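Residue numbers (our numbering), protein chains in the order written: chain A, 452 to 821; chain B, 452 to 821.
These aren't lab readings, by the way, just hints derived from the structure by calculation.
Just so you know, not all the hints are guaranteed correct.
Each pair may be met inside one copy or between any two copies, as identical chains are not told apart.
[What the hints assert, rightly or not] Using 30 Å as the maximum straight-line C-alpha spacing, the simulated DSS-like pairs for lysine-lysine come out as follows:
hint, residue 1, residue 2
1, Lys749, Lys821
2, Lys750, Lys805
3, Lys575, Lys633
4, Lys749, Lys517
5, Lys805, Lys658
6, Lys648, Lys520
7, Lys528, Lys782
8, Lys807, Lys750
9, Lys821, Lys575
10, Lys633, Lys781
11, Lys749, Lys528
12, Lys682, Lys574
13, Lys821, Lys481
14, Lys674, Lys517
15, Lys805, Lys754
16, Lys821, Lys805
17, Lys750, Lys821
18, Lys551, Lys821
19, Lys651, Lys551
Just so we're clear, the structure is a prediction, and the values are computed from it rather than from any experiment.
2 protein chains.
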Amino acid sequence: MSTNQRFNTLVIGSGGVATITALSLDIKNKSDVTMIVRSDYEKAVADGYSIDSCDYGIVEGWRPTKIYKSVEESVAKDEFYDYVLVTTKNIPDGPTPVSKILEPVVQSCFKSWSSLSEEQKAKKVLSIILIQNGIDIEKEVYDLLNADHLVADGIHGPKVVLLSGVQMIGSTRTAPATIQQKGQDYLILGAFDQNDKLAKQKVLEFKDIYLNEGKNVVEIDDKVRWSRWRKLVYNATINPLTAIVCLDFSRSLLFGAADEATEFQILRPAMREILDIAKADGHIIDESVMDFMISGDKKMFYKPSMMVDTERHQLMEIEVILGNPIRTAKKLAVPTPYLSMLYNIAHIIQVSNKEKMGLVEVDEVNVALK
Amino acid sequence: MSTNQRFNTLVIGSGGVATITALSLDIKNKSDVTMIVRSDYEKAVADGYSIDSCDYGIVEGWRPTKIYKSVEESVAKDEFYDYVLVTTKNIPDGPTPVSKILEPVVQSCFKSWSSLSEEQKAKKVLSIILIQNGIDIEKEVYDLLNADHLVADGIHGPKVVLLSGVQMIGSTRTAPATIQQKGQDYLILGAFDQNDKLAKQKVLEFKDIYLNEGKNVVEIDDKVRWSRWRKLVYNATINPLTAIVCLDFSRSLLFGAADEATEFQILRPAMREILDIAKADGHIIDESVMDFMISGDKKMFYKPSMMVDTERHQLMEIEVILGNPIRTAKKLAVPTPYLSMLYNIAHIIQVSNKEKMGLVEVDEVNVALK
């Protein structure tokens, strides 16, 4: 699908990943690209970005079409965005769940849309792309779209579709507005609802405005849920374990008890539970994926993202990565003793970090959370 | 049993517990008391101890009969000790397992004994009292006593008995050679081998040289192994969990996932496994102990000893508290998924602390432990 239409895109997220994502859109030059930049705002506006990219080479003084300090500012003029890309962490139990981030954007798009002519209205579609870990992450957004306070204003919105993105990209912010991208941008894109024809059209349309042939890669995913279960084989096991012990993956293996206990008494039993839940949910994943996930990083002294989060005393994505699979398992009567232990322990650490961040307070007199 | 014989006692251990233990012996005045004092040595020798004790009141400038800087120095003259009390932590996977601490003492006692007259020889018994957590801790000492290199010297030793001590005592070192004891010294004492008549005699004898009526308490324990299993209901569950998450007990409960997950999805299932192993090992412990252990400290914001160890980046007693029960479970075919998860995770943290302490090194090229 190729089009000459010019689109309006919004990239929400910070640091290395969001910047390269916005750069890809800008280079393709089929959309105006708005970025939300919080801490690097002054530097990004004044000097633009310095980017050293394996996909695009050295790029100095780059700026997207527009830069705003917050999502709220980006929609102050009731902007309509055709594509909203969310590359933030997905932490529904944190201070900024995705629905809260998206709400002003959705409201703006709805409002902007309502002032259009009927002909224009019919053409407009709001596509929200969640480039995030976990499973069942789309539910929170569907709930937002159906929320009373949105509908209550009498605002009848445009068609909205939800797309799933799983992105491999080795990109890091090394200094203010300075990005180093070492791994190719590889985006796996699909419709959360595979029965939604419009969503599947938008997947192809977005590929057209995002793909820079020979630079980045866009792979169309026709079995999004299967892919997300598959990714959880790693993310729901190696991620929380390394976060709990606060060690890289190789050390977590080396420091285990006798008989390679980390691999055979923690990770593989937990991975098998993910395969079991996926199967009960209708998605068969071959067992060989366990070997692949373990041997891939075994000798890398690699720090999984969730471990980096605990190391920095930041919140972890435990609900979308562990909580949701366990809740599905409960519904489908699949036992998950290993995943539950990882989740229950990680949950204690999560709330402990919330206490350190001042997000929760302990009432020591009544022994309760304030 | 009362005796006019004067004994020679050695207290190995540091800080608040060992000092009050030595003080109790000294006040009873039926033994010469030797203490091993490492970091506070200069101060203890020069000024003696300042003790504020709920059992004995204010005691200023107190010194035991002898003070040595190390176990080795305390046996340099081939001393014979009738009672050797070990109040150190029991960490067989650490740099100083109990057998290593005791070896020079045993050698000294053997040597000293061998130079006695036959009549004197017959009277001498070496009683080793392990005042420590965990289960199966006596095995390491029996192995030491039967070690080839001890027997190989042709040294025929005295009779040796092993006694078990479980001590409740709220005593802390607050400054060099300064001790504050807030909780009464309550010692539960018994023979590890209940068929060893001599050991049971020695239990009564030691009570006589240790008990100060109206001050401290000595309770005779005729079912040592049962008591140790019972104590593990707390120590093998609440201890490692709070250590892993590095939080006091109340926070570990408050910060848990939905449905009181910490209590009902971690601690109680793990406690039940201890009851199951104990039962398979021939010791019936009533289930009500679980309520007792949980409700006792629920509202105390109490930091269990193992959690204090991780907080200070010290080694934990995971082998005697978790490893040994799990090994027994394996022999008796009792499944222990919950205890094993706690053990396997705690083990990773233990070796991580060893790396920080320089006790192990990671070979990053070959991805192995050096």
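Results of checking the hints against the structure:
1. Taking identical chains as interchangeable, the C-alpha atoms of Lys749 and Lys821 lie at most 30 Å apart only when they sit on different chains, with a minimum of 17 Å there against 42 Å within one chain.
2. When the C-alpha separation of Lys750 and Lys805 is checked against a cutoff of 30 Å, the pair qualifies only between copies, where the shortest distance is 20 Å, while the shortest distance within a copy is 33 Å.
3. Proximity of Lys575 and Lys633 under a CA criterion of 30 Å is satisfied in neither setting, with 36 Å inside one chain copy and 74 Å between copies.
4. When the C-alpha separation of Lys749 and Lys517 is checked against a cutoff of 30 Å, the pair qualifies neither within a copy, at 42 Å, nor between copies, at 54 Å.
5. For the identical chains of this complex, Lys805 and Lys658 are neighbours neither inside a copy (38 Å) nor across copies (50 Å), given an alpha-carbon limit of 30 Å.
6. In this homomeric assembly, Lys648 and Lys520 never come within 30 Å of each other (Cα to Cα): the closest approach is 35 Å inside a single copy and 81 Å across copies.
7. Neither within a single protomer nor between protomers do Lys528 and Lys782 lie at most 30 Å apart by alpha-carbon distance, with minima of 44 Å and 71 Å respectively.
8. For the homomeric pair Lys807 and Lys750, the shortest alpha-carbon distance between copies (20 Å) is at most 30 Å, but the shortest distance inside one copy (33 Å) is not.
9. Taking the shortest Cα distances, Lys821 and Lys575 never come within 30 Å of each other, neither inside one copy (45 Å) nor across copies (63 Å).
10. Taking the shortest Cα distances, Lys633 and Lys781 never come within 30 Å of each other, neither inside one copy (40 Å) nor across copies (48 Å).
11. In this homomeric assembly, Lys749 and Lys528 never come within 30 Å of each other (Cα to Cα): the closest approach is 50 Å inside a single copy and 54 Å across copies.
12. When the C-alpha separation of Lys682 and Lys574 is checked against a cutoff of 30 Å, the pair qualifies neither within a copy, at 35 Å, nor between copies, at 71 Å.
13. Taking CA atoms no more than 30 Å apart as the test, Lys821 paired with Lys481 passes in neither setting, with 50 Å inside one copy and 56 Å between copies.
14. Taking CA atoms no more than 30 Å apart as the test, Lys674 paired with Lys517 passes in neither setting, with 34 Å inside one copy and 77 Å between copies.
15. Both within a single protomer and between protomers do Lys805 and Lys754 lie at most 30 Å apart by alpha-carbon distance, with minima of 22 Å and 20 Å respectively.
16. Taking the shortest Cα distances, Lys821 and Lys805 sit within 30 Å of each other inside one copy (12 Å), while across copies they are farther apart (38 Å).
17. Only between protomers do Lys750 and Lys821 lie at most 30 Å apart by alpha-carbon distance; the minimum there is 15 Å, versus 44 Å within a single protomer.
18. Taking the shortest Cα distances, Lys551 and Lys821 sit within 30 Å of each other inside one copy (22 Å), while across copies they are farther apart (50 Å).
19. For the identical chains of this complex, Lys651 and Lys551 are intra-copy neighbours only, at 26 Å inside a copy versus 70 Å across copies, given an alpha-carbon limit of 30 Å.
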